Amino acid sequence: MNSPEKRELILRCALSLIIEHGIHGTSVPDVARRAGVAAGTIYQFFQSKEQLIDTLYQELKTSMGAALLRGYDADLPYEERFRLIWKNLFFHFIEHPDEFRFLTRYVDSPIINETTRRGTDEYKPIRKLLREARRSGAIRNLNSEITLALLYGSVISLADLHLRGTPIRGKVLEETIRSCWDAVRGSAQHQ
1 MNSPEKRELI LRCALSLIIE HGIHGTSVPD VARRAGVAAG TIYQFFQSKE
51 QLIDTLYQEL KTSMGAALLR GYDADLPYEE RFRLIWKNLF FHFIEHPDEF
101 RFLTRYVDSP IINETTRRGT DEYKPIRKLL REARRSGAIR NLNSEITLAL
151 LYGSVISLAD LHLRGTPIRG KVLEETIRSC WDAVRGSAQH Q
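Numbered according to the UniProt record's numbering, the sequence shown terminates at residue 191, and the numbering increases by one at each position without gaps.
Derived from the structure by calculation, the hints contain no laboratory data.
Bear in mind the structure is a predicted one, so any value in this text is a computation, not a measurement.
It cannot be assumed that every hint is accurate.
DEER-style ranges, computed between Cβ atoms [unchecked claim]: (1) L69 to Q47: 29 to 39 Å; (2) H21 to A183: 36 to 46 Å; (3) G71 to E175: 13 to 23 Å; (4) R70 to H21: 39 to 49 Å; (5) R12 to D75: 34 to 44 Å.
Each computed BS3-like pair below joins lysine-lysine, with the alpha-carbon atoms no more than 30 Å apart [said to hold, decoys possible]: (6) K128 to K87; (7) K124 to K49; (8) K49 to K87; (9) K171 to K87; (10) K6 to K49.
Glycine included, every Cβ here is placed at the ideal spot set by N, Cα and C.
Build the full structure now, drawing on both the sequences and the hints.
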């Protein structure tokens with residue numbers, strides 16, 4: 001196994017252990033055992049458990065950011081872009097439940113280095129979309145952070161509901177997205 005594969009294996013094993021036992025219940029030797037490597041091997045890639053966790057957080061946020069923008073076209077109408085981003089995030093979360101649980105559980109945790117948290121702005125293109133849509137009147141004149149909270153909060157709640165056994169798909173999914181759009185939609189006709 002080459003170095004990038006080992007590093008990826010270590011991160012995957014750390015993620016699964018953190019989901020099972022929490023950050024404080026997961027040690028470097030636990031990760032090494034799960035990955036089938038010596039504890040010293042982990043320190044070849046990460047200086048500390050904290051750096052391992054920060055790296056995991058950053059890589060999961062980067063992966064989520066890429067998923068958000070899959071198929072994104074800035075020339076689409078605002079509502080279509082909103083729907084695409086909402087769906088992309090929802091499906092990313094339900095297809096990667098451990099990543100979803102880690103990100104939602106530890107997003108505000110003091111264990112995540114503040115520099116790491118600030119350095120990962122997966123929402124930058126979305127903030128731009130919201131600014132443009134707000135200026136055009138396509139969405140309500142709310143602060144971007146509030147609009148983002150409405151978008152992100154609805155996706156998180158519904159992904160969690162889906163993962164707990166309430167299916168969100170088909171017509172229910174479409175009606176849900178329409179309701180979220182209606183919550184932020186402005187009065188402009190050129191949406």
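Could you grab the alpha-carbon distance between K124 and K49 and see if it respects the 30 Å cut-off? Roughly 29 Å between the alpha carbons, so the hint for K124 and K49 holds.
In this structure, is the beta-carbon distance linking H21 and A183 contained in 36 to 46 Å? Holds: the Cβ-Cβ distance is about 37 Å, inside 36 to 46 Å.
Would the hint linking K128 and K87 be met if the CA-CA limit is 30 Å? holds (18 Å)
Measuring from beta carbon to beta carbon, are R70 and H21 in 39 to 49 Å? violated (32 Å)
Hint says 13 to 23 Å; check whether the CB-CB distance for G71 and E175 agrees. Given about 21 Å between the Cβ atoms, the range holds.
Between R12 and D75, is the Cβ distance one that fits in 34 to 44 Å? Roughly 37 Å apart at Cβ, these two residues keep to the hinted range, so it holds.
Pairwise hint evaluation, K49 against K6, where the allowed Cα distance is 30 Å at most: holds (16 Å)
Hinted pair, alpha-carbon criterion (30 Å max): K49, K87. Please report holds or violated. violated (34 Å)
Would you check the hint for K171 and K87, treating anything up to 30 Å between C-alpha atoms as holding? holds (13 Å)
Take a look at whether the Cβ-Cβ distance between L69 and Q47 falls inside 29 to 39 Å. holds (31 Å)
Of the hints listed earlier, those the structure fails to meet are numbers 4, 8, in rising order.
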